[in-house]
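Peer 1: Position chain B against the provided structure of chain A, taking the given hints into account.
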Amino acid sequence: MAIEVRIPTILRTHTGGSKTVQGSGDTLAALVDDLDAKHPGLKNRLVTEEGKLHRFVNVYVNDEDVRFTGALDTQVKDGDSVTILPAVAGG
Amino acid sequence: MGGAGSPRLGCVLRIDRATYDAIVAHAREDHPDEACGVVAGPEGSDRPERFIPMLNAARSPTFYEFDSADLLRLYREMDDRDEEPVVVYHSHTATEAYPSRTDIGLAAEPNAHYVLVSTRHHGEQTGLAGDEVEFRSFRIVDGVVTEEDVEVVESYLFGHSPTTVVYD
Chain A
1 MAIEVRIPTI LRTHTGGSKT VQGSGDTLAA LVDDLDAKHP GLKNRLVTEE
51 GKLHRFVNVY VNDEDVRFTG ALDTQVKDGD SVTILPAVAG G
Chain B
1 MGGAGSPRLG CVLRIDRATY DAIVAHARED HPDEACGVVA GPEGSDRPER
51 FIPMLNAARS PTFYEFDSAD LLRLYREMDD RDEEPVVVYH SHTATEAYPS
101 RTDIGLAAEP NAHYVLVSTR HHGEQTGLAG DEVEFRSFRI VDGVVTEEDV
151 EVVESYLFGH SPTTVVYD
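Respectively, the protein sequence lines represent chains A and B. Letter by letter, the first sequence follows residues 1 to 91 in the UniProt record's numbering. Letter by letter, the second sequence follows residues 1 to 168 in the UniProt record's numbering.
One thing to keep in mind: the hints can contain errors.
Straight line, CA to CA, 20 Å or less: simulated SDA-like cross-link-like pairs of lysine to any residue [said to hold, decoys possible]:
no.	chain 1	residue 1	chain 2	residue 2
1	A	Lys43	B	Ala108
2	A	Lys52	B	Ser68
3	A	Lys52	B	Gly105
4	A	Lys43	B	Leu106
5	A	Lys19	B	Asp82
6	A	Lys19	B	Asp79
Chain B is nowhere near these chain A residues, computed Cβ spacing over 10 Å in every case [stated by the list, open to error]:
no.	residue
7	Ala2
8	Ser18
9	Ser24
10	Asp26
11	Asp33
12	Asp36
13	Gly41
14	Glu49
15	Glu50
16	Gly51
17	Gln75
Don't read these hints as lab results, they were simulated from the structure. Beta carbons: idealized from backbone N, C-alpha and C, even for Gly.
Excised from the complex, chain A in its bound form:
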């Protein structure tokens, strides 16, 4: 078992075109580190230099927006499903 992560079109350049990748970790932060080790550059697209999630990247764990569950500290476990979606937003 692992954590399944759905990758949006714009980030698939980091995953060789894959829509879905697998990762592991106890928290979202650890999962992101694990993903970045396998798919270099991914972390930069999700996390700011200050170590926070980018404002306009939405991450969901089992359909729950992580902004409401502790952001990068959100607990994850094998079998969870994580979805990354860039915000559709503008001015």
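Peer 2: This is chain B only, laid out in the frame that chain A set:
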């Protein structure tokens, strides 16, 4: 499905009259706030077929953002139907129908046609008889904006087998 380096599907947005009208009507309705939504179509088809107006969670005359729960539902649904956002549209209510710096910075669908509608001169805004809504389409890839022609066709149903068309 494409992405950086792959050939463009074409430098024109072909859109049917009913969908075009629905986008303009949504922009008028929500004026002076920005309206937003997508038109989904079969992956790789470049055919905007399914009009999906979205709530502007920012409810602002200068900003738009899909609600995060709505966003997840929308993408899940498109995924289940093997669709992608062929058009991502929003309105500008006081400025021209051209992507703002924010629009360019946040554009995250390299395969989409970004449609900008401006209601700055629409009837209710000016109170004048002359009524005009600008409708323009762009590709936004890696921060580069390319305007494209908009070709309004009467119907996408014409010439297609009805079984391939998604009715809503």
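Peer 1: For a C-alpha distance cap of 20 Å, please report whether Lys19 of chain A and Asp82 of chain B respect it.
Peer 2: 13 Å, holds
Peer 1: Just want to verify: Gly41 of chain A was marked as not at the interface with chain B; is every Cβ pair farther apart than 10 Å?
Peer 2: 13 Å, holds
Peer 1: Say whether it holds or is violated: Glu49 of chain A keeps its Cβ farther than 10 Å from all Cβ of chain B.
Peer 2: For Glu49 of chain A, whose nearest Cβ neighbour in chain B is about 17 Å away, the distance exceeds 10 Å, so it holds.
Peer 1: Checking a non-interface call: every C-beta of chain B should be farther than 10 Å from the C-beta of Ser24 of chain A. Is that right?
Peer 2: With a cut-off of 10 Å, Ser24 of chain A remains clear of chain B, as the shortest Cβ separation is near 23 Å.
Peer 1: Since Ala2 of chain A was said not to touch the interface, does its Cβ keep a gap of more than 10 Å from each Cβ of chain B?
Peer 2: Its Cβ never comes within 10 Å of chain B, the nearest being 20 Å, so this holds.
Peer 1: Straight-line Cα separation of Lys52 of chain A and Gly105 of chain B no greater than 20 Å?
Peer 2: 19 Å, holds
Peer 1: So is Gln75 of chain A really clear of chain B, every C-beta pair being over 10 Å apart?
Peer 2: Since the minimum Cβ distance to chain B is about 19 Å, Gln75 of chain A lies beyond 10 Å and the statement holds.
Peer 1: Does the claim that Asp33 of chain A lies off the interface hold, with its Cβ farther than 10 Å from every Cβ of chain B?
Peer 2: Given a closest Cβ separation of 23 Å, the condition holds.
Peer 1: Is the nearest Cβ of chain B still more than 10 Å from the Cβ of Asp26 of chain A?
Peer 2: 23 Å, holds
Peer 1: Given the hint that Lys19 of chain A pairs with Asp79 of chain B, does the C-alpha gap stay at or below 20 Å?
Peer 2: 11 Å, holds
Peer 1: Need the status of pair Lys52 of chain A, Ser68 of chain B: alpha-carbon distance at most 20 Å?
Peer 2: Holds. Lys52 of chain A to Ser68 of chain B sits at ~18 Å (cutoff 20 Å).
Peer 1: Please confirm whether Asp36 of chain A is truly not at the interface, meaning its C-beta sits more than 10 Å away from all C-beta atoms of chain B.
Peer 2: Its Cβ never comes within 10 Å of chain B, the nearest being 19 Å, so this holds.
When each numbered hint is compared with the structure, no violation occurs for any of them.
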